[in-house]
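Novice: So the protein lines, in turn, are chains A and B.
Those letters in the first sequence? Residues 3 to 334, per our numbering, in order.
Those letters in the second sequence? Residues 40 to 339, per our numbering, in order.
It should be emphasised that the hints constitute simulated quantities derived from the structure, not laboratory data.
Note that CB positions come from ideal geometry on N, CA and C, so glycine has one too.
Keep in mind that the hints are not guaranteed to be accurate.
Here are some, though not all, of the chain A residues that point toward chain B, as calculated from beta-carbon distances under 8 Å [as the list claims (entries may be wrong)]: (1) I136; (2) N151; (3) V155; (4) F171; (5) T214; (6) K288; (7) L299.
Covered stretches of chain A (chain B as the covering partner; in silico rule of three or more C-beta atoms under 8 Å from a C-beta of chain B) [said to hold, decoys possible]: (8) 17–29; (9) 84–96; (10) 159–167.
Distance windows between CB atoms, simulated [unchecked claim]: (11) B:F205 - A:K288: 42 to 50 Å; (12) B:L158 - A:A208: 14 to 22 Å; (13) A:Y31 - B:N186: 50 to 58 Å.
In case you want the letters, here they are:
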Amino acid sequence: MRRVLTIAGTLLALVCLELLLPRVLPNTYYQRILMLCGINVILAVSLNLVNGLTGQFSIGHAGFMAVGGYSAAILSMRVLPPLAAALAAAGLPEPIAEGIVLLLALLAGGTLAAVAGWAVGLPSLRLRGDYLAIVTLGFGEIIRVVITNIDAVGGARGLSGVPRYTTFFWVVLWVVIVVTLSYNLLKSSHGRAMLAVREDEVAAEALGIDTTRTKVIAFVLSAFFAGVAGGLFAHFDAYLNPSSFTFLRSIEIVTMVVLGGMGSVSGAILAAIFLTGLPELLRPVKEYRLVIYAFLLIVLMITRPQGILGTRELTMPWAKKKPLPGGAGGAG
Amino acid sequence: MQEFLQQLVNGITWGSVYALIALGYTMVYGILRLINFAHGDVFMLGAFFAYYAATKLDVAMNPSPGKAILVLLISMVGAGIVGFLIERFAYRPVRNSSRLTALITAIGVSLLLQNGGILVFGSAPKPLPAIIRVQNIDLGGGVTVTNAQLIIIAVSLILMAVLRWFVLSTRTGKAMRAVSFNRDAAILMGIPTDKIISVTFVLGAALAAAAGVLVGLLNPTISPLMGIMPGLKAFVAAVVGGIGNIPGAVLGGLIMGLAEVMVVGYVSSTYRDAIAFVLLIAILLFRPSGLLGKNQAEKV
Numbered sequence: 003m004r005r006v007l008t009i010a011g012t013l014l015a016l017v018c019l020e021l022l023l024p025r026v027l028p029n030t031y032y033q034r035i036l037m038l039c040g041i042n043v044i045l046a047v048s049l050n051l052v053n054g055l056t057g058q059f060s061i062g063h064a065g066f067m068a069v070g071g072y073s074a075a076i077l078s079m080r081v082l083p084p085l086a087a088a089l090a091a092a093g094l095p096e097p098i099a100e101g102i103v104l105l106l107a108l109l110a111g112g113t114l115a116a117v118a119g120w121a122v123g124l125p126s127l128r129l130r131g132d133y134l135a136i137v138t139l140g141f142g143e144i145i146r147v148v149i150t151n152i153d154a155v156g157g158a159r160g161l162s163g164v165p166r167y168t169t170f171f172w173v174v175l176w177v178v179i180v181v182t183l184s185y186n187l188l189k190s191s192h193g194r195a196m197l198a199v200r201e202d203e204v205a206a207e208a209l210g211i212d213t214t215r216t217k218v219i220a221f222v223l224s225a226f227f228a229g230v231a232g233g234l235f236a237h238f239d240a241y242l243n244p245s246s247f248t249f250l251r252s253i254e255i256v257t258m259v260v261l262g263g264m265g266s267v268s269g270a271i272l273a274a275i276f277l278t279g280l281p282e283l284l285r286p287v288k289e290y291r292l293v294i295y296a297f298l299l300i301v302l303m304i305t306r307p308q309g310i311l312g313t314r315e316l317t318m319p320w321a322k323k324k325p326l327p328g329g330a331g332g333a334g
Numbered sequence: 040m041q042e043f044l045q046q047l048v049n050g051i052t053w054g055s056v057y058a059l060i061a062l063g064y065t066m067v068y069g070i071l072r073l074i075n076f077a078h079g080d081v082f083m084l085g086a087f088f089a090y091y092a093a094t095k096l097d098v099a100m101n102p103s104p105g106k107a108i109l110v111l112l113i114s115m116v117g118a119g120i121v122g123f124l125i126e127r128f129a130y131r132p133v134r135n136s137s138r139l140t141a142l143i144t145a146i147g148v149s150l151l152l153q154n155g156g157i158l159v160f161g162s163a164p165k166p167l168p169a170i171i172r173v174q175n176i177d178l179g180g181g182v183t184v185t186n187a188q189l190i191i192i193a194v195s196l197i198l199m200a201v202l203r204w205f206v207l208s209t210r211t212g213k214a215m216r217a218v219s220f221n222r223d224a225a226i227l228m229g230i231p232t233d234k235i236i237s238v239t240f241v242l243g244a245a246l247a248a249a250a251g252v253l254v255g256l257l258n259p260t261i262s263p264l265m266g267i268m269p270g271l272k273a274f275v276a277a278v279v280g281g282i283g284n285i286p287g288a289v290l291g292g293l294i295m296g297l298a299e300v301m302v303v304g305y306v307s308s309t310y311r312d313a314i315a316f317v318l319l320i321a322i323l324l325f326r327p328s329g330l331l332g333k334n335q336a337e338k339v
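All chains, please: the whole structure from these sequences, using the hints.
Specialist: Next up, the structure:
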């Protein structure tokens, strides 16, 4: 009962937020940055499942994002429009009909990305450390080159005309889902198995943890949310281009996780918001902004190598004081 | 057959360039276990140093072998200094942090060099002046090779031979191998590890700069972002050969160059950027530590 109330309350709060936002923040530029922050939070928190909690080093997140983004976009452009029309004909208000279509497209995109994550994860998780990193990077690049070569999705020209269904409500809803899942995972036996794999794979195996299975689960979950974030991104920008999913994008996401503090969910959230906002804040200095951004990144890494939050978590003052087993360590 | 031989020549040329860049990756990795993401951008800087040196020396108007060698040396020394500074001010402070922290720092340096490059050199591609007069040499059977290609292969071979001599036969080279084998033990033996690591960075950067100048002979358009893809592919080459292993980097570089040229020649040029990674995954699945890498037993 409590759970139902919590979910209903959250949804209600989100709907209120959605309705209030245009009034409180009429500037569409700020709205855009807020949504981008949300999408990046989903990406960072999902990558944190693999890099932070399980201690595996993946730098191919943009590839999964591309799979999810492209498949969700193709679905809502070419497969789902009849459904949207039927829903509208049935008398549903437009935002709800669009939302249902978006939800279906996102779930499908996320699932396809998860399948890609499974296909990438299974063979490459035999490798460790830097080798795993470079293979995930390779898969990410291969996905991008393959998409560039498929003419049906626009190839190098990009895919335009994706319906703009992504609203603030959907972005925040998925942020809430991925963050809640991460926190709950930390408290579950699966999450503890992941932490054990991170701290010492051999010891974890000796304790009877199926390390390969644990790693694959982390990979698949992480890829699913990357796919959803890709779908949100596609329906937000109304345009997709393979060049948005280069390895620099993956590295940006890894940077968020490391800067936040490996394994810290709240750290990943903070860093994602910080790193999305920083280039925008630096806009007045135009041509210097990316130089300053890079410089700040180096300085932050030198002065706070453990990340903004280290391995700690921010907790809400009203939350029950129960330490999460996020814990020390970090990969490699 | 004739086309195949021609592709072979081109592949070896590109392969020696990749090998030169891969050497820097593999040496730094061998010593610090750090993927030096900024290495591709040092390669870019090498090309730009050559651009300014060549313009200053007015090489385009009256080229001479002496000037060409001077341009190469200036670029190598300039990049060596940059390599030293990068290690001293960015990597040394994070040397004892986690490896991911060091990696993100390397990415930061890479972004700094790229965007700094755009700021200083401008984002528009520049034509590198031809530092030698390119001539075609007929090898018979319809296979031709340019003197530029021969020079690239020859310079790469000379640099590799010098590197091999340096690492195997000098005291500093011996110290490098010791640091790479076990840094803590090397410190206890009185080896000045900081100095050795600096030397490694300078060497790697100089080789990358040489590669930058040589690439200018094949493809004389240079831009501040030109280092990204070659850097990535050279890194893949180092991993394919077995990272940390110097002959492995050369082997990996040659394989990468040949594979790429063959794909462009026989499949499609749009898959040029994918073949490196397909090869990487295929090789790592069967030999998880690369072709020449040692399979390390895991300590429990």
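Novice: Each hint: holds or not?
Specialist: How the hints compare with the structure:
no.: 1; hint: I136; verdict: 5 Å, holds
no.: 2; hint: N151; verdict: 5 Å, holds
no.: 3; hint: V155; verdict: 14 Å, violated
no.: 4; hint: F171; verdict: 33 Å, violated
no.: 5; hint: T214; verdict: 15 Å, violated
no.: 6; hint: K288; verdict: 10 Å, violated
no.: 7; hint: L299; verdict: 4 Å, holds
no.: 8; hint: 17–29; verdict: violated (count 0)
no.: 9; hint: 84–96; verdict: violated (count 0)
no.: 10; hint: 159–167; verdict: violated (count 0)
no.: 11; hint: B:F205 - A:K288: 42 to 50 Å; verdict: 45 Å, holds
no.: 12; hint: B:L158 - A:A208: 14 to 22 Å; verdict: 54 Å, violated
no.: 13; hint: A:Y31 - B:N186: 50 to 58 Å; verdict: 56 Å, holds
Hints 3, 4, 5, 6, 8, 9, 10, 12 from the list above are not met by this structure, while the remaining hints are.
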